[in-house]
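Protein chains: 2
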Amino acid sequence: MKSILEIVHECDNFPYYEPCRTDAYNRELESLWLFFLPDDPQPHGFLLDSIVQRMPWTPDFRLVTTPHKEVHLIKQDREDWQEACVKAIDDLLDLAREKKTFPGLGKKRDEQFPIVGASFDIGIERSASSLFGIVGRGAHMTVYTRTSSGMKFWIPRRNAKKSTWPNMLDNTVAGGVARGEMPFECLVREAGEEAALSEELVRRDTVAAGAVTWFNISDEKAGGELGLMNPGVLYVYDLEVGEHVTFKPVDNDVQSFHLLGVDEVKEAMRNGEFKPSCATVMIDFFVRHGFITAENEKDYTEIVSRLHRKLPFKTSPGF
Amino acid sequence: MKSILEIVHECDNFPYYEPCRTDAYNRELESLWLFFLPDDPQPHGFLLDSIVQRMPWTPDFRLVTTPHKEVHLIKQDREDWQEACVKAIDDLLDLAREKKTFPGLGKKRDEQFPIVGASFDIGIERSASSLFGIVGRGAHMTVYTRTSSGMKFWIPRRNAKKSTWPNMLDNTVAGGVARGEMPFECLVREAGEEAALSEELVRRDTVAAGAVTWFNISDEKAGGELGLMNPGVLYVYDLEVGEHVTFKPVDNDVQSFHLLGVDEVKEAMRNGEFKPSCATVMIDFFVRHGFITAENEKDYTEIVSRLHRKLPFKTSPGF
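In order, the protein sequences belong to chains X and B. The letter at position 18 of the first sequence is residue 18 when you use the numbering used here, and the numbering goes up by one with no holes. Residues are numbered in the numbering used here as their position in the second sequence, beginning at 1, plus a constant of 1000.
What the hints contain is simulated information worked out from the structure, not anything from laboratory work. Worth double-checking, as some hints may not be accurate.
Here are the simulated DMTMM-like pairs of lysine to aspartate or glutamate, each with C-alpha atoms no more than 25 Å apart in a straight line [stated by the list, open to error]:
1) X/Lys298 with B/Asp1238
2) B/Lys1108 with B/Glu1185
3) B/Lys1266 with X/Glu18
4) B/Lys1002 with B/Glu1267
5) X/Lys314 with B/Glu1028
6) X/Lys314 with B/Glu1018
7) X/Lys69 with B/Glu1297
8) X/Lys314 with B/Asp1205
9) X/Lys152 with B/Glu1010
10) X/Lys314 with B/Glu1010
11) B/Lys1069 with X/Glu10
12) X/Lys266 with B/Asp1205
13) B/Lys1152 with X/Asp23
14) B/Lys1314 with X/Asp299
15) X/Lys108 with X/Asp91
16) X/Lys314 with B/Asp1023
17) B/Lys1314 with X/Glu18
18) X/Lys99 with X/Glu111
19) X/Lys314 with B/Asp1238
20) X/Lys314 with B/Glu1240
21) X/Lys152 with B/Glu1185
22) B/Lys1298 with X/Glu181
23) B/Lys1152 with X/Asp238
24) B/Lys1314 with X/Glu6
25) B/Lys1314 with X/Glu240
26) X/Lys298 with B/Glu1185
Bound conformation, chain X alone:
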């Protein structure tokens, strides 16, 4: 059985820079390329050597290796250079797809993730955003009910046929925040699509309760390339419903919903049944609602910090 800190570590598994013990951090960092946008001194993503070597870079990009390994998107000499940046990434990915460079890249879909800290509105096609190692964002909601035998949680099990995290337990509502979308609007949309929750109910009763943040290095269950750099933010929401409310799968993403108590959720987490990022959302809920405390969990302080890692890139929008 895993400890709670070990469960957090499965998601937040990039090393930390610590006094006197900088080796693991530096070794990891030396293998990475920083991704830069025009007119902006701050990096926005981490690319692996193995991705940079295979990517069919177009003349829109420039690679430098000293003093750091960096990929720069070049500013074009035209008034709408910001638009040209979006197109440059899009063209590059079309070419990679045409050349079948990355088998895990999947079909092109009309959904982009934003580069969140950029100084202008720019996105990368969702399935390719993890190749660039930019900050990914999701909106996750825990739906719970108070019963005579304690608090219970509506927990979905993912479809066995999903390419990412098949059969694993998830949060009641969860989805990626698209370019141009605000987190709460994403949540309202997903709550309808995935859990058939009415917009009126969600807007009235949902409590925004913070965020979990972590820096994950992807493993095989995530699908796609191995070892990708995925810094992430999940905006966290709580929704209390009455005991009479029940949940049933409404799309193919979910195979079943289960109503589980605190100890059942903890046990499922410790058995590795939860998708790691969703486990962090449940642990954060348990911390905020007094189920995990400094008295019953010796790693309490470290867990609380690890659930809220300072991400390596700017996350406040610059426009």
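Starting from the known structure of chain X, arrange chain B on it as the hints suggest.
Just chain B, lined up with the frame of chain X:
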């Protein structure tokens, strides 16, 4: 008026290590001495050059300068060497007091703060713990009530004669967690002493809601030496009370209690009226209860992370 992120930064003001921008962090780190205990490869505190130079080190301590600047407490060749460590620090501080080395050190009091991540039970006298830059811990509670005009908070103003943070706003209940004390027991004790809350009420209705953590470099309002390294954990508790409950000062620490709404608390914070660590507890409350959201605060993700910094030293007890 300060932004919320600026308020957080006043408390969490030690630089972060960031890719490509390591100067501020490294400059700060180079000026510090790491504090080590016997048989333990992990450091437990940061001491300033100015403290190490003045401290009247006894033969119980050894200073090394390569490869890092380090202060080691030496293991004595006796069975109760752990006891001897506690005494070595105590003797050192007695000597410093006798020599009047640190004007801000104050009278000796029978209260110790633990070295939280140590492999055995060891503490440092409370008023001297910040000289060693060990992780400090507090238990803070926000008492609130729901009224027809929204949620309101019971906020105390500190006595004008206090040596630390005079006249500033504080959390309803707040105190340092002593060596050998569990955070919730500390809270129950302080709630009685500072706010005359009954033990029964506190034990029944308080919700443990997480922790805020930060790494603070002390300034003049904190009293004592300037520029000390203070990594801190505040265990955070919420208590909802009815509208009929009122608070009055019960000891000399507090001059008055005020019932303030969300906007009034925000304005007081932004005017710099709150003790910085207490402001972080209020901001965390506002995040958890949906008053500060990704929609109304552009620095949301960074604020949430900065409220939960990973501390530079081990915080899980090793015994």
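Verification of the hints:
The suggested pairing of X/Lys298 with B/Asp1238 holds, with an alpha-carbon distance near 21 Å, which does not exceed 25 Å. Of the pairs offered as hints, the one joining B/Lys1108 and B/Glu1185 holds, with about 24 Å between alpha carbons and a cut-off of 25 Å not exceeded. Restraint check for B/Lys1266 and X/Glu18: the C-alpha separation of about 34 Å exceeds 25 Å, so the hint is violated. Of the supplied pair hints, the one linking B/Lys1002 and B/Glu1267 holds, its CA atoms being roughly 9 Å apart against a limit of 25 Å.
As the CA atoms of X/Lys314 and B/Glu1028 are separated by approximately 22 Å, the hinted pair is consistent with the 25 Å bound. Between X/Lys314 and B/Glu1018, the direct Cα distance comes to roughly 11 Å. Compliance with the 25 Å bound is thereby established for this hinted pair. With a C-alpha separation of about 34 Å, the suggested pair X/Lys69 and B/Glu1297 falls outside the 25 Å cut-off, and the hint is violated. Simply put, X/Lys314 and B/Asp1205 have alpha-carbon atoms about 39 Å apart, too far for the 25 Å limit, and the pair is violated.
Our distance criterion of 25 Å between C-alpha atoms is broken by X/Lys152 and B/Glu1010, whose separation comes to about 39 Å. For the proposed pair X/Lys314 and B/Glu1010, the alpha carbon gap of about 19 Å is at most 25 Å, so the pair holds. Pair hint B/Lys1069 plus X/Glu10 does not hold up; C-alpha atoms about 34 Å apart against a cutoff of 25 Å. At most 25 Å may separate the alpha-carbon atoms for a hinted pair to count; X/Lys266 and B/Asp1205 meet this at roughly 24 Å.
Taken as a hint, the B/Lys1152 and X/Asp23 pair is broken in the structure, with Cα atoms around 49 Å apart against an allowance of 25 Å. The straight-line distance between the Cα atoms of B/Lys1314 and X/Asp299 is roughly 10 Å, inside the 25 Å bound, and the hint therefore holds. Among the hinted pairs, X/Lys108 with X/Asp91 is consistent with the structure: their alpha-carbon atoms are about 12 Å apart, no more than 25 Å. With a C-alpha separation of about 18 Å, the suggested pair X/Lys314 and B/Asp1023 falls inside the 25 Å cut-off, and the hint holds.
Of the pairs offered as hints, the one joining B/Lys1314 and X/Glu18 holds, with about 11 Å between alpha carbons and a cut-off of 25 Å not exceeded. For the given pair, X/Lys99 sits about 21 Å from X/Glu111 by alpha-carbon distance, which is consistent with the 25 Å threshold. Restraint check for X/Lys314 and B/Asp1238: not satisfied, since their Cα atoms lie roughly 31 Å apart, outside the 25 Å limit. Straight-line distance between C-alpha atoms of X/Lys314 and B/Glu1240 comes to about 36 Å, which puts the hinted pair past the 25 Å bound.
Straight-line distance between C-alpha atoms of X/Lys152 and B/Glu1185 comes to about 28 Å, which puts the hinted pair past the 25 Å bound. A C-alpha spacing of about 14 Å is found between B/Lys1298 and X/Glu181, which places the hinted pair at or below 25 Å, so the restraint holds. Restraint check for B/Lys1152 and X/Asp238: the C-alpha separation of about 21 Å stays at or below 25 Å, so the hint holds. Restraint check for B/Lys1314 and X/Glu6: the C-alpha separation of about 16 Å stays at or below 25 Å, so the hint holds.
A threshold of 25 Å between alpha carbons decides the hint, and for B/Lys1314 with X/Glu240 the separation of about 36 Å lies outside it, so the pair is violated. With a CA separation close to 16 Å, the supplied pair X/Lys298 and B/Glu1185 stays within the 25 Å bound.
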